[in-house]
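Given only the sequences and the hints, what does the whole structure look like? Please build it.
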Amino acid sequence: MSSHPFVLIIEENDGHRFLIEEQLKAGFPLAHIECAHSFGEALKLLPQKKWDLLILNAKLSDGNGIDFLDEITEHHPFAAVAILTDNPENHVVPADSRHRGSVELDRKS
Numbered sequence: 001m002s003s004h005p006f007v008l009i010i011e012e013n014d015g016h017r018f019l020i021e022e023q024l025k026a027g028f029p030l031a032h033i034e035c036a037h038s039f040g041e042a043l044k045l046l047p048q049k050k051w052d053l054l055i056l057n058a059k060l061s062d063g064n065g066i067d068f069l070d071e072i073t074e075h076h077p078f079a080a081v082a083i084l085t086d087n088p089e090n091h092v093v094p095a096d097s098r099h100r101g102s103v104e105l106d107r108k109s
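Mapping the sequence shown onto the working numbering, position 58 (from 1) lands on 58, and the numbers just tick up by one.
Simulated from the structure, these hints should not be mistaken for laboratory data. One should not assume that every hint holds.
[To be verified] Lysine-lysine pairs mimicking DSSO-like chemistry, simulated, CA-CA at most 27 Å apart: (1) K25 <-> K50; (2) K25 <-> K44; (3) K49 <-> K25; (4) K25 <-> K59.
[Said to hold, decoys possible] FRET-style restraints, in silico, Cβ to Cβ: (5) P29 <-> T73: 27 to 33 Å; (6) K49 <-> Q23: 17 to 23 Å; (7) S61 <-> H4: 30 to 36 Å; (8) D86 <-> K49: 23 to 29 Å; (9) G15 <-> H75: 24 to 30 Å; (10) D70 <-> L30: 26 to 32 Å; (11) D14 <-> F78: 27 to 33 Å; (12) E34 <-> F78: 17 to 23 Å; (13) K44 <-> N64: 14 to 20 Å.
Note that beta-carbon positions come from the ideal geometry of N, C-alpha and C, so glycine has one too.
Written as C-alpha cells, this is what we have:
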C-alpha cells in the first residue's frame, strides 16, 4: 500500500464507520478516506478512484458484502479487502470471501 492510500469504508452504522475512520487516520494520516453508507453508494464510488483498501460490512440493508466482492474485484482486482461482521452466524464467510478476493474477515465487538 502506498503512503497515500485510497481507502473506501462501506458501513451503514455511523458509530462503526466513525471508529474505523478514526483508526485509519491515526495509522495512516496521509490516507485518502471516503465512506459509503450502502452498497449502492459504493457502486458509484468504485470506478472513481484506484482504491487500495476497501473495508466493508458483511451485510448491509441493500445487500450482502460477499456478493459485493464480485463488483470490487471487477473494478479493482488487486485492492485489499477487509470484511467486518457482528453476526456470529457468518462462520462460512471466510472461505467464500477469500475465494472471491477478500484478504480479511473480522468480527465487530
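Hints, verified against the model:
A C-alpha spacing of about 19 Å is found between K25 and K50, which places the hinted pair at or below 27 Å, so the restraint holds. Restraint check for K25 and K44: satisfied, since their Cα atoms lie roughly 23 Å apart, inside the 27 Å limit. Pair hint K49 plus K25 holds up; C-alpha atoms about 19 Å apart against a cutoff of 27 Å. Simply put, K25 and K59 have alpha-carbon atoms about 24 Å apart, close enough for the 27 Å limit, and the pair holds.
The beta-carbon spacing between P29 and T73, approximately 28 Å, falls within the hinted interval of 27 to 33 Å. Take K49 and Q23: their Cβ atoms lie about 20 Å apart, and the range 17 to 23 Å holds. Checked against the given bound of 30 to 36 Å, the beta carbons of S61 and H4, roughly 32 Å apart, stay inside it. Under the hint 23 to 29 Å, the C-beta atoms of D86 and K49, about 28 Å apart, fit the expected range.
The hinted range of 24 to 30 Å is satisfied by G15 and H75, whose Cβ atoms lie roughly 28 Å apart. At roughly 30 Å, the beta-carbon separation of D70 and L30 lies within the given 26 to 32 Å, and the hint holds. Our hint of 27 to 33 Å for D14 and F78 holds, since their Cβ atoms are close to 30 Å apart. The hinted range of 17 to 23 Å is satisfied by E34 and F78, whose Cβ atoms lie roughly 19 Å apart.
K44 and N64 have their C-beta atoms about 18 Å apart, which keeps the hinted 14 to 20 Å range intact.
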